[in-house]
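Engineer: Chain by chain, the residues run as shown.
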Amino acid sequence: MPWYQLDDPNDPKLDELARQYNLHPLHLEDARSPDESVKVDSSTSYTFAVFKPVSLKPDPDAPSEFLPTFTPIDIFAGKDFLITISDPTCPATREALQRARRDGDDEHPGRLVYLILDTIVDLYFPAIDHFDDRIDDLEDKVFDNPSPEILQSIFAIKRELIDLRRVLVNTRDASLHLQRDPNTIIDADHQPYVRDTYDHIARLLDSVETQRDLLNNTLDIYLSSVANRTNEVMKVLTVLGTIAIPALAISGIYGMNLKGLPFQDSPYGAEWVGGMTILSTILLLYLLRKLKWL
Amino acid sequence: MPWYQLDDPNDPKLDELARQYNLHPLHLEDARSPDESVKVDSSTSYTFAVFKPVSLKPDPDAPSEFLPTFTPIDIFAGKDFLITISDPTCPATREALQRARRDGDDEHPGRLVYLILDTIVDLYFPAIDHFDDRIDDLEDKVFDNPSPEILQSIFAIKRELIDLRRVLVNTRDASLHLQRDPNTIIDADHQPYVRDTYDHIARLLDSVETQRDLLNNTLDIYLSSVANRTNEVMKVLTVLGTIAIPALAISGIYGMNLKGLPFQDSPYGAEWVGGMTILSTILLLYLLRKLKWL
Amino acid sequence: MPWYQLDDPNDPKLDELARQYNLHPLHLEDARSPDESVKVDSSTSYTFAVFKPVSLKPDPDAPSEFLPTFTPIDIFAGKDFLITISDPTCPATREALQRARRDGDDEHPGRLVYLILDTIVDLYFPAIDHFDDRIDDLEDKVFDNPSPEILQSIFAIKRELIDLRRVLVNTRDASLHLQRDPNTIIDADHQPYVRDTYDHIARLLDSVETQRDLLNNTLDIYLSSVANRTNEVMKVLTVLGTIAIPALAISGIYGMNLKGLPFQDSPYGAEWVGGMTILSTILLLYLLRKLKWL
Amino acid sequence: MPWYQLDDPNDPKLDELARQYNLHPLHLEDARSPDESVKVDSSTSYTFAVFKPVSLKPDPDAPSEFLPTFTPIDIFAGKDFLITISDPTCPATREALQRARRDGDDEHPGRLVYLILDTIVDLYFPAIDHFDDRIDDLEDKVFDNPSPEILQSIFAIKRELIDLRRVLVNTRDASLHLQRDPNTIIDADHQPYVRDTYDHIARLLDSVETQRDLLNNTLDIYLSSVANRTNEVMKVLTVLGTIAIPALAISGIYGMNLKGLPFQDSPYGAEWVGGMTILSTILLLYLLRKLKWL
Amino acid sequence: MPWYQLDDPNDPKLDELARQYNLHPLHLEDARSPDESVKVDSSTSYTFAVFKPVSLKPDPDAPSEFLPTFTPIDIFAGKDFLITISDPTCPATREALQRARRDGDDEHPGRLVYLILDTIVDLYFPAIDHFDDRIDDLEDKVFDNPSPEILQSIFAIKRELIDLRRVLVNTRDASLHLQRDPNTIIDADHQPYVRDTYDHIARLLDSVETQRDLLNNTLDIYLSSVANRTNEVMKVLTVLGTIAIPALAISGIYGMNLKGLPFQDSPYGAEWVGGMTILSTILLLYLLRKLKWL
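Chains as they are written, first to last, in the numbering used here: chain A, 225 to 518; chain B, 225 to 518; chain C, 225 to 518; chain D, 225 to 518; chain E, 225 to 518.
Here chain A stands alone, though its shape is the one from the complex:
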């Protein structure tokens, strides 16, 4: 059984194969569209599948961070031919194709499709773990120091999870299609395996949902920490104000050019007035605490 691997959907070789194997023009159009989405479409003569393996690439803005990136792979799997179109520089696709070549055999194109799908799904797990680590890290940091950088990270991960979730939901639907479609290329022997892959995707989606919940928690923690800190800062301001007011008021009084102020002419004036100031400050602080205002 021939297996054609093309590196680029715009390769004219694809048009030739399309004529030879009678590929549907809508499928060619999909394969060549820059924003194709994950899907499986089965006709009587062949199955057309698009998957989006994930790989972690260093973030250009922060080289110590990794960004999940999706590189599409297109598969045309007929009874007696297999065409795969994928960027050969993507490590996830490379691994999927290698495993299919090693463990599959020519007589079962359905098995090859399963092996590729299964490898792709297995490679989502490290991406999910990567998110887990980053969210744990954010949760640890957010209580100690709710900085705007954490906020930016929360929203960046939210955005990436939105993308990942979309790919996973479509992959789940595609794997369901491989189980249910009467024209499916997967034979009865391999149906339990595809079902198992489906369960894995369901578990991945479960994890993504949990991570969204955790991120929302982290955001709530951030916001309540900021509210808390504003409250703390206000209290400091109030305590400082309270400490300052008697001193300012009393020193203002004795700074007046008036006659008849007590202790004005006493040689221990400074001591008397100083004591009075300290006493009234303590009294005021005590009063505020008593009234539960501080």
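Note that these hints are calculated values from the structure, not bench results.
Among the hints, a few may not be true.
Copies of the same chain look alike in the list, so a pair counts if it fits in one copy or across any two.
[As the list claims (entries may be wrong)] Using 25 Å as the maximum straight-line C-alpha spacing, the simulated DSS-like pairs for lysine-lysine come out as follows:
{"id": "1", "residue 1": "K514", "residue 2": "K365"}
{"id": "2", "residue 1": "K514", "residue 2": "K459"}
{"id": "3", "residue 1": "K365", "residue 2": "K382"}
Position chains B, C, D and E against the provided structure of chain A, taking the given hints into account.
Structural biologist: Quick look at chains B, C, D and E alone, frame taken from chain A:
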């Protein structure tokens, strides 16, 4: 097969055609209603469809911005006639009709309906891209400078997305109707094409959902940035208060008309007291930082 | 065919009719309950329907505002009789009954029920438009001046929309019942008309959902505007504090009864010190802006 | 037909009846569990039902308030026997059993079950009305005076609504079970009555949903009122600060021990400087208002 | 019937059993995966089940607190063999296996599976009660003293509830599978028991939902309490500012080196000015309260 194109649903020609082809009065009423909504309704003799192509028109308030606007097109497609009613000034409708005229043929009214629908759906993509650009732009701005104008833009886009989503949901239901209805005008050959269009609409709706999520993120960023800034401003106020208090208190003390203040009569009084003030300010700042209040 | 119109469900005439036409006691109980809800219930011998037409009545608290009010109408429609019970002072019910009398005929009680339902549904549109106007109005106001009155209006409309939505959902279910029930009084000819009414209700519910979204937007705008304003006021306070501090500190210093202060005995002391104060104020403002604290 | 009424599920008489009528051990276990939940379970020989009537008991913390409390009633209804287990001190259960004894008859255990369920459902309405009154009351208070007590009441009612909703949802499912189950004890004649009760429960649940919406509104009003008040208090602080600053600055200047201040030696110095102070305060307030900062 | 109990899925004995009883490689892989999830998978020859009993272990960070921990148990139940794989140190698993050994019998592997599942489900109730206690405790504390520690506890419980909910949902699906699957190992006699267990899980999930609602309430209370306190602190600051301003302004005025101030040379100057100060302070406070600013 005759194809009647009317520019205005109130054209009396439509009543004539209604009599000739036995059009249902409820359909006429729909076509003439100012706020008709997207739908497909199939009877045994013909299919009535309303679509709402989108076009980007410059915003009268901000000429550099574009607003998505919807102009309805009504289609009555029988086995042996086609009536289209559309505003000829709308570029999207014009393009849809031109493509139908160029690529369709008279024998297949179903194909004509498909071509019009497909063009209309394809033209939603630039509108979605336009929103993508605007949201990206807002996200970039909101971290640097959370101004009320950004807030206004967020809510304006939210409002437009609500409208767009409504049109897309109805278009999706309409295209499903074209696939499922036993009276549908779409023949078996063209069913895969309509299914493909359905997939495109589903992807568009997916994008709209993602954009709503992203807008909510942007709003959260805005609100948390404002909370952050209030917090920052409070801290500045507290630092300023802290710096000022010892100076005010000490200068207040030495401004009192009392006897017995230390250094009062020393020729280096100013230096002593100045030093004391600076020292106590530093001490207070250090204390606040130590207590993690700042 | 006799048509009995009663103004009050407690009219003893109703008991008489109940005996004559064998009306179910639960239906009588419903008709007489003060808080009956919209429903359709079909038995083999007749159909019992409750609808709630809306009319806009002036708000007693704000005579320029209109409040949607619901007045129930009960219908018992058998093959050969029609009983309607409604408050004759309600303009919506009056209009519905007049149209049924004008356009209906005695042979088709199903047509009469349809005509009443259709008129009632049509009269929801002005109520929805009324809400649209009020929400637009609130949106315009909330950006310029987020006052507590706007907040009160938002919550008042929210409350009214909750009521309206409940009535519409029940009316939609009732109209579905008229289409699906095997005992339905609506004959095949009139089914497309009831389906059309169902579509209208679906569109009304769509509008209510949109209005709820828009109201939530308005509430978010309100809250973020208030947060913004607090932030602005804080900044003003900080600017004022910043302007005041050098003046207070320096005048405090020169108010001390100490010896050795610079310029103390210079004849141009006031000018020197004034200049120094202004300079340090400008410097402090410049510093704060440089550190992006203001 | 014997009707056994037990006051306590732990009565040994129940074990005797269980042997006699062959009751399932799981049902006995349920009846004796302290936190049994509402349900209906039909076997071929009898129907086991648990309902939870509500009664309003004075709140021990606030005797003028009433708290809804649920007291379970267990029913074993066979073709030729009825066992009810209920706390005789609960007024709602007492009323339900009295009505069943008065209006039911021995030949129809299904009718007895219906009568008990219907009375229990009718008695939920006053509880709902009670919540309506309390929420209206809170709404009136929250605009005038958003105190923490109102917050506590909002959350207390939320908690009670969560409980009530859970009981109602289970009761709705139980009444659906009485309609649908092939082993149901309700005969065809009484099915419309059970359906009517089902409608009542649906309406009750509707009301609970509405009340949750209204409570969330009230909470939003509370929070926005607090935000508003903080904003107001900030403004007062700013106005006070603005009024004080010129007075403080100018009096500070003239308190300096410097030579060369204008009006220093003029006999009308106080008047000149006083006038200057008032003028600059007015100017500052005018400037702030002009810049829309206040 | 042999019952093999393995303490570790990596025991080579398992491979031997797999060969003997023809276990599916995917099931072995699941049993050995470190993050297997709850499931039931029935083949024609045996049923594979994974459950996750909960046990409360002391929190290493706070020894007085207990953390729910999940220890998986794997079950292979054929017609004539039972293999269980579980960590023998987990008390919940131990209890489940003991009860199965005591109450089950060798002829019914389905009964053994039921007994294990039922014990596991019963042991979730104390965990739920534990959460109930902690949430009640938090609710009591949050009104009196909304500290960041409470916030941390709220989010910690939220996180644990997310985990617990996931396990419960999967267990519910697994128990449904045991009822519905045509290959199920549960015979007709034990179906009511599994259904009863299913009801228990549904009630547990209900409780988890309620607890999530209550936690969200507690979070709302926390946030509104913090907002309230900020508001209170602001008011204290404003009252202090109000009290201080007249004293500062008047003492500033009389501190000026000017001529012509009233009472400047009066022997009762201090008394006059002091009285004036107190009077204007009272007047200002009265004015603010009159204007409802405080």
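Engineer: Each hint needs a verdict: does it hold in this structure or not?
Structural biologist: Hint by hint, here is what the structure shows:
| no. | hint | result |
| --- | --- | --- |
| 1 | K514 - K365 | between (35 Å within a copy, 20 Å between copies) |
| 2 | K514 - K459 | both (15 Å within a copy, 16 Å between copies) |
| 3 | K365 - K382 | both (17 Å within a copy, 18 Å between copies) |
Hint violations for this structure: none, all hints satisfied.
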